[in-house]
Amino acid sequence: MGLSGHCLCGAVKYTVDAEPLIVGYDHCDDCQRQSGSTYSLVVVVPKDKLKIDGTTKSYASKGSSGQPVHRVFCPECGSPIAHDPEAAPPIIALKGGTLSTEDKKKLKPDTEIWSVSKLPFCQEHLEKPFQHMPE
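Counting with the working numbering, you get residues 19 to 153 for the letters of the sequence shown.
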């Protein structure tokens, strides 16, 4: 099957010639800050199966392992594309929101990581979710 995706402006595109190893919600503080949301939907894939077309930039910070985590993003629109932990060289975690619409609809998250940082209100379910922005 494989996966494909792109940033908001389309300057960065990628394909993955593999199925996801893990699809999950990452609640770490760094992912919250990078995504600007309460968690990051991550799709972990083998790094050697990922092909990125377009220019990317990265920002490295120390992960919980003590080793750098490289946060890859589009320098034009700022869309986060992936995070690449040096502590786990064979894998890379794509940001699920950048996948093609078709691929996103097929995702089945099965894991939550960094739940110690999960915000308390994420545990509650709304009785009436909005299908779109409320008017």
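Rather than coming from a laboratory, the hints here were simulated on the basis of the structure. This one's a predicted model, so the numbers in the text were calculated from it and none came from an experiment. The beta-carbon is built from N, C-alpha and C at its ideal position, and this holds for glycine as well. Keep in mind that the hints are not guaranteed to be accurate.
Said to hold, decoys possible - Okay, derived cross-link-like pairs now, DSSO-like style, lysine-lysine, Cα gap no bigger than 30 Å in a straight line:
#  : residue 1 : residue 2
1  : Lys65     : Lys75
2  : Lys69     : Lys80
3  : Lys136    : Lys122
4  : Lys31     : Lys80
5  : Lys136    : Lys124
6  : Lys65     : Lys31
7  : Lys65     : Lys123
8  : Lys136    : Lys123
9  : Lys75     : Lys122
10 : Lys67     : Lys122
11 : Lys65     : Lys122
12 : Lys69     : Lys122
13 : Lys75     : Lys124
14 : Lys75     : Lys136
15 : Lys123    : Lys67
16 : Lys69     : Lys126
17 : Lys69     : Lys124
18 : Lys126    : Lys31
19 : Lys67     : Lys31
20 : Lys31     : Lys69
21 : Lys65     : Lys136
22 : Lys124    : Lys67
23 : Lys75     : Lys123
24 : Lys65     : Lys80
25 : Lys67     : Lys80
26 : Lys65     : Lys124
27 : Lys136    : Lys80
28 : Lys75     : Lys126
29 : Lys75     : Lys31
30 : Lys122    : Lys31
31 : Lys65     : Lys126
32 : Lys123    : Lys31
33 : Lys136    : Lys126
34 : Lys126    : Lys67
35 : Lys123    : Lys69
36 : Lys31     : Lys124
Unchecked claim - Now the in silico label distances, taken between C-beta atoms and shown as ranges:
#  : residue 1 : residue 2 : range
37 : Leu137    : Pro107    : 28 to 34 Å
38 : Gln141    : Pro107    : 16 to 22 Å
39 : Phe139    : Lys75     : 17 to 23 Å
40 : Glu94     : Asp128    : 29 to 35 Å
Now for the hints, and whether the structure bears them out:
1. Lys65 - Lys75: With a Cα-Cα distance of about 17 Å, the restraint between Lys65 and Lys75 holds, given a limit of 30 Å.
2. Lys69 - Lys80: Given pair Lys69, Lys80 holds - Cα atoms ~25 Å apart, limit 30 Å.
3. Lys136 - Lys122: The given pair, whose Cα atoms are some 22 Å apart, holds under the 30 Å limit.
4. Lys31 - Lys80: It holds: about 27 Å lies between the C-alpha atoms, which stays within 30 Å.
5. Lys136 - Lys124: The hint holds at about 24 Å.
6. Lys65 - Lys31: 15 Å, holds
7. Lys65 - Lys123: 22 Å, holds
8. Lys136 - Lys123: Between Lys136 and Lys123 the Cα gap is close to 24 Å, so the pair holds against 30 Å.
9. Lys75 - Lys122: Roughly 24 Å between the alpha carbons, so the hint for Lys75 and Lys122 holds.
10. Lys67 - Lys122: 18 Å, holds
11. Lys65 - Lys122: With Cα atoms ~19 Å apart, Lys65 and Lys122 stay inside 30 Å; holds.
12. Lys69 - Lys122: Within the cut-off at roughly 18 Å; holds.
13. Lys75 - Lys124: 28 Å, holds
14. Lys75 - Lys136: Holds, at roughly 28 Å.
15. Lys123 - Lys67: 21 Å, holds
16. Lys69 - Lys126: Roughly 23 Å between the alpha carbons, so the hint for Lys69 and Lys126 holds.
17. Lys69 - Lys124: 21 Å, holds
18. Lys126 - Lys31: 22 Å, holds
19. Lys67 - Lys31: The hint holds at about 14 Å.
20. Lys31 - Lys69: 8 Å, holds
21. Lys65 - Lys136: 27 Å, holds
22. Lys124 - Lys67: The hint holds at about 19 Å.
23. Lys75 - Lys123: 28 Å, holds
24. Lys65 - Lys80: At roughly 20 Å apart (the allowed maximum being 30 Å), Lys80 and Lys65 satisfy the hint.
25. Lys67 - Lys80: Holds: Lys67 and Lys80 sit about 25 Å apart, inside 30 Å.
26. Lys65 - Lys124: Holds - the C-alpha atoms of Lys124 and Lys65 are around 21 Å apart, at most 30 Å.
27. Lys136 - Lys80: 20 Å, holds
28. Lys75 - Lys126: Roughly 29 Å separates the two Cα atoms, so the pair holds.
29. Lys75 - Lys31: Roughly 13 Å separates the two Cα atoms, so the pair holds.
30. Lys122 - Lys31: It holds: about 15 Å lies between the C-alpha atoms, which stays within 30 Å.
31. Lys65 - Lys126: Distance of about 20 Å is within 30 Å: holds.
32. Lys123 - Lys31: 18 Å, holds
33. Lys136 - Lys126: Roughly 19 Å between the alpha carbons, so the hint for Lys136 and Lys126 holds.
34. Lys126 - Lys67: Holds, at roughly 20 Å.
35. Lys123 - Lys69: 21 Å, holds
36. Lys31 - Lys124: Holds: Lys31 and Lys124 sit about 19 Å apart, inside 30 Å.
37. Leu137 - Pro107: 28 to 34 Å: 30 Å, holds
38. Gln141 - Pro107: 16 to 22 Å: Given a distance of about 34 Å, which is not inside 16 to 22 Å, the answer is violated.
39. Phe139 - Lys75: 17 to 23 Å: 32 Å, violated
40. Glu94 - Asp128: 29 to 35 Å: 33 Å, holds
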